[in-house]
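Each chain, letter by letter, is given below.
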Amino acid sequence: MSVIELKNISFAYPNNPVIKNLDYDFEEGKVYAITGKSGAGKTTLLSLLSGIMEPTSGYIAYKGYPIDESDKYVYRSRDVGVIFQEYNLLPKFTVRENIQLSFDISGKKLKEIGKYKNKREYVDTLIREVGLNPDEIGNRRILHISGGQQQRIAIARALSFQPSVILADEPTGNLDLDTSIDILNVFTHLAHELNRCVIIVTHSPQIAELADIRLDLQPFSRYLK
Amino acid sequence: MFIFKYALKSISRSLGRNILIGIIVLIIATAACVAMSIQQAAETAAANTLKGMSISANVYIDRGYLRQKAEETVGTSDMNELMPEMMSLMKEHSLDLEDMEEYSEIKKADSDEPLVQSYYYNASISISGEDINKYDLTASNTEETTAPTEAAIEPPKVTPTVIDPQGNVIEAPAIETPTMPEMPQQEPQQMEKPGDFDLIGYNSYKAMELMESFGSDSESACTISQGAVFEDNTSEYECIIEENLATFNSLEVGKTIKLVNPKNEDETYSLKVVGIFKSSTGTMASGSDAANTIITSYNVVKDIETKSDTANNTSTTASDSSKKTDDASTSGSSDESDALISQFSGTFVFASVDDYEQFKDEVRNKAINDGYDGDMYIVTSGDVATFKAGLKPLENLKSFATTFLYLTLAIGAVVLIVISVISIRDRKYEIGVLAAMGIKKLKLSMMFMIEVLTITLVAILIGVVIGSAVSVPVTNNLLSAQIEQQEEKDDSQQTQQPGQEPASMERPEDGEITGEVVYVDSVEFSVDIFVVLKMLAIGIALAVISGFTSILFILRYDPKQILANRD
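Those sequence lines, one after another, are chains V and S. Reminder that position 45 of the first sequence reads as 46 in the working numbering, one-by-one numbering, no gaps. Reminder that position 184 of the second sequence reads as 192 in the working numbering, one-by-one numbering, no gaps.
There's no promise every hint is true.
Claimed, not checked - Pair by pair, the computed Cβ-Cβ distance ranges are:
1) V:LYS110 to S:ALA549: 48 to 56 Å
2) S:THR410 to V:VAL75: 33 to 41 Å
3) V:ASP136 to S:PHE10: 46 to 54 Å
4) V:ASN16 to S:LEU541: 16 to 24 Å
Claimed, not checked - Capping the alpha-carbon separation at 27 Å, the derived lysine-lysine pairs in DSSO-like fashion look like this:
5) V:LYS112 to S:LYS17
6) V:LYS73 to V:LYS109
7) S:LYS13 to V:LYS116
8) V:LYS73 to S:LYS448
9) S:LYS17 to V:LYS118
10) S:LYS451 to V:LYS73
11) S:LYS13 to V:LYS93
12) V:LYS120 to S:LYS286
13) S:LYS286 to S:LYS263
14) S:LYS497 to S:LYS396
If you're looking for bench data, these hints aren't it; they were derived computationally from the structure. Cβ atoms here follow ideal geometry from the backbone N, Cα and C, with glycine treated the same way.
Please put together the full structure from these sequences, using the hints given.
Written as structure tokens, this is what we have:
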């Protein structure tokens with residue numbers, strides 16, 4: 002079942018068209034890997050999918066409804082989890098605070114998520130899921146943890162409100178292959194077991210091969226292959 | 009609720025910057041608090057003093073008005089020719105007992121209570137002694153050449169006295185400045201008193217307390233040293249005399265003195281001395297010598313006047329002259345009656361300044377209703393004038409504080425806005441991340457507003473504490489400097505050359521300052537709940553101004569661009 006539909010979308014920076022008349026349906030329960038050369042518009046496509054940017058023409062529909070101005074904040078905070086290439090964590094806040102803030106912004110209740118005693122227990126579970134020890138790292142500020150740890154925290158943050166769609170821009174860029182595979186296993190679990198739609202932008206052929214569907218984005222492409 | 013939590017966390021995570029903002033707000037708050045407490049202190053001092061203060065006031069005829077009327081009648085501007093007409097007009101229009109009674113019946117504007125709390129009066133006659141001699145006062149008699157000015161003609165000067173609502177004298181005036189050149193102390197005809205003594209009759213001892221500062225404490229101008237005062241409203245021919253006069257004439261309590269009409273030697277009056285008083289100033293409120301003042305009951309003076317009138321009218325053939333004409337021609341006219349004529353003087357007492365102000369309006373309206381100019385009568389109160397003069401340094405300081413407050417707030421607002429703009433620019437990345445995570449711009453703005461508000465309020469509360477601690481000493485220091493300036497100014501005005509016109513010819517609103525001006529030279533407390541509330545209101549206003557500046561920037565930001573230009 003389609004969860005996100007691209008309806009004839011185009012996007013252009015001033016004097017620089019990037020995406021032209023693109024149509025595609027992303028389905029639940031699958032891991033997508035978007036590959037392509039630099040400048041093909043991979044990150045732009047991810048920004049469009051995340052609702053941070055809007056297409057210059059066409060529209061994106063979530064579960065059949067176009068994302069418009071009024072509900073893009075809800076979409077961004079509750080339905081789509083984004084793992085940015087630069088992590089975009091809040092450096093002065095601790096690991097736990099970064100993850101909990103994302104959950105708080107979504108407005109979801111803890112009981113909607115699972116049987117946790119409190120938010121802290123839930124946040125610690127997320128930290129463990131990305132392979133870190135919450136007791137060790139939970140109260141550290143982002144400034145004081147490594148790039149690899151930041152990347153995992155960014156993943157944990159994106160998962161915190163259990164979105165239907167997970168968008169990841171080079172999520173394993175700073176991780177070794179084994180850890181990358183572990184992270185991908187998390188994504189696969191989310192897609193296959195929890196019926197989420199995971200869309201990963203990557204340069205890595207190994208990661209792309211592990212995805213259910215590999216999409217190659219060409220400049221000015223009409224279709225994804 | 010999470011925005012409160014994260015706003016507070018955000019403050020603690022950028023402590024250095026927020027402490028800096030807090031210090032700036034703290035300085036502004038402390039300065040504003042001191043300025044406002046000065047304002048508050050001035051208002052409180054005025055309100056508190058006025059609240060418990062009874063006001064005594066006098067009604068005079070405007071000399072300028074009299075002169076104008078006399079000029080219209082006589083057709084000349086020569087003062088010598090005008091004087092009899094002016095005297096006549098003054099006799100006709102001067103306040104008398106009947107007027108006082110009429111005024112005393114006026115009700116307050118907002119209730120049925122009488123406007124005038126009480127009124128006191130006296131009548132004085134210039135009389136000579138048959139068996140007593142005038143006490144020679146060469147050392148203290150300095151005012152014989154005091155010339156009348158264009159100011160109001162004042163009947164025998166009544167020095168106002170501050171009394172509490174129960175009628176007790178609480179502040180005796182220092183009757184020590186009867187020689188101020190611009191203050192007409194006496195009516196022109198009193199310059200040439202025919203008799204050696206002033207026989208003044210008061211309607212009650214209370215009137216003596218109020219009008220002559222009689223009392224038993226050290227601050228009273230007159231105290232009874234032997235015997236007692238005659239009873240109120242008595243018609244018995246009893247009197248009290250000053251101890252110098254008593255010593256000079258070897259008089260003591262129980263003896264009788266014989267007074268005589270200076271223009272009719274056959275007309276004598278005997279009064280029994282029932283008490284001897286001591287005057288600390290040597291001068292009565294009217295400006296005349298205390299030693300040559302004989303005090304008796306009002307009824308006695310009026311009785312003497314009546315008897316004298318009868319005695320002299322039956323002995324003259326000028327029966328066709330009206331009494332008013334006789335009254336008006338007492339000074340220097342060749343066809344005048346030789347009867348003793350009393351001068352009336354009265355003082356009204358009001359429970360509050362508001363009543364006094366209403367009374368001023370009533371007097372004005374009455375003059376207009378009677379077909380005269382509204383400015384014919386002048387209502388003055390030395391209490392109010394003296395009180396206002398005492399507040400002058402504090403008022404000056406208040407005015408300075410108000411300007412300072414506005415300046416501080418304007419600078420404070422600008423500084424806070426600049427800090428907010430810089431702060432928001434520094435936090436662009438954070439704004440981008442939060443926006444990318446789906447937080448609404450409204451919530452984001454609220455988060456920043458809460459931060460600014462919290463910092464501002466904490467700084468203001470500390471500022472109020474510091475401000476309240478330093479405001480009293482600061483206010484008092486500034487006040488003493490102001491008082492020094494004011495005293496220098498007063499000194500320079502008092503040392504004006506005789507005959508030199510005063511800097512301002514404008515008549516003081518509440519009359520001349522009588523007695524010593526006691527400046528309000530200290531404030532006890534100045535920060536109260538109103539100051540705190542005002543400070544909080546100012547704090548919120550400042551926070552909102554700077555918060556909105558932040559919001560304007562936040563609304564303009566595009567998360568994608570912020571994140572793309574992260575470095």
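For the pair supplied as a hint, S:LYS13 and V:LYS116, is the alpha-carbon distance within the 27 Å limit?
-> With a Cα-Cα distance of about 24 Å, the restraint between S:LYS13 and V:LYS116 holds, given a limit of 27 Å.
For the pair we were handed, S:LYS451 and V:LYS73, check the Cα-Cα distance against 27 Å.
-> This hinted pair holds, its Cα atoms lying about 15 Å apart.
For the pair supplied as a hint, S:LYS13 and V:LYS93, is the alpha-carbon distance within the 27 Å limit?
-> holds (15 Å)
Go ahead and decide if the range 48 to 56 Å is satisfied by the Cβ distance of V:LYS110 to S:ALA549.
-> violated (38 Å)
Is S:LYS17 close enough to V:LYS118, meaning Cα to Cα at most 27 Å?
-> Satisfied, since the Cα-Cα distance of roughly 23 Å is no more than 27 Å.
Would you check the hint for V:LYS73 and V:LYS109, treating anything up to 27 Å between C-alpha atoms as holding?
-> Holds. V:LYS73 to V:LYS109 sits at ~16 Å (cutoff 27 Å).
Given the range 16 to 24 Å, decide if the beta-carbon distance of V:ASN16 to S:LEU541 lies inside it.
-> Taking Cβ atoms as reference, V:ASN16 and S:LEU541 lie about 58 Å apart, which means the hint is violated.
27 Å limit on alpha-carbon distance, applied to hinted pair S:LYS497 and S:LYS396 | holds (16 Å)
If you draw a straight line from the CA of S:LYS286 to the CA of S:LYS263, is it 27 Å or shorter?
-> Answer holds: S:LYS286 to S:LYS263 is near 18 Å, not above 27 Å.
Does the structure keep V:LYS112 and S:LYS17 at a Cα separation of 27 Å or less?
-> holds (25 Å)
Would you check the hint for V:LYS73 and S:LYS448, treating anything up to 27 Å between C-alpha atoms as holding?
-> Measuring from Cα to Cα gives roughly 10 Å; hence the hint holds.
Outcome for the supplied range 33 to 41 Å, where the beta carbon pair is S:THR410 and V:VAL75 | Cβ of S:THR410 to Cβ of V:VAL75: about 51 Å, so the range 33 to 41 Å is violated.
Against the hints set out earlier in the document, violations occur for numbers 1, 2, 3, 4 and 12.
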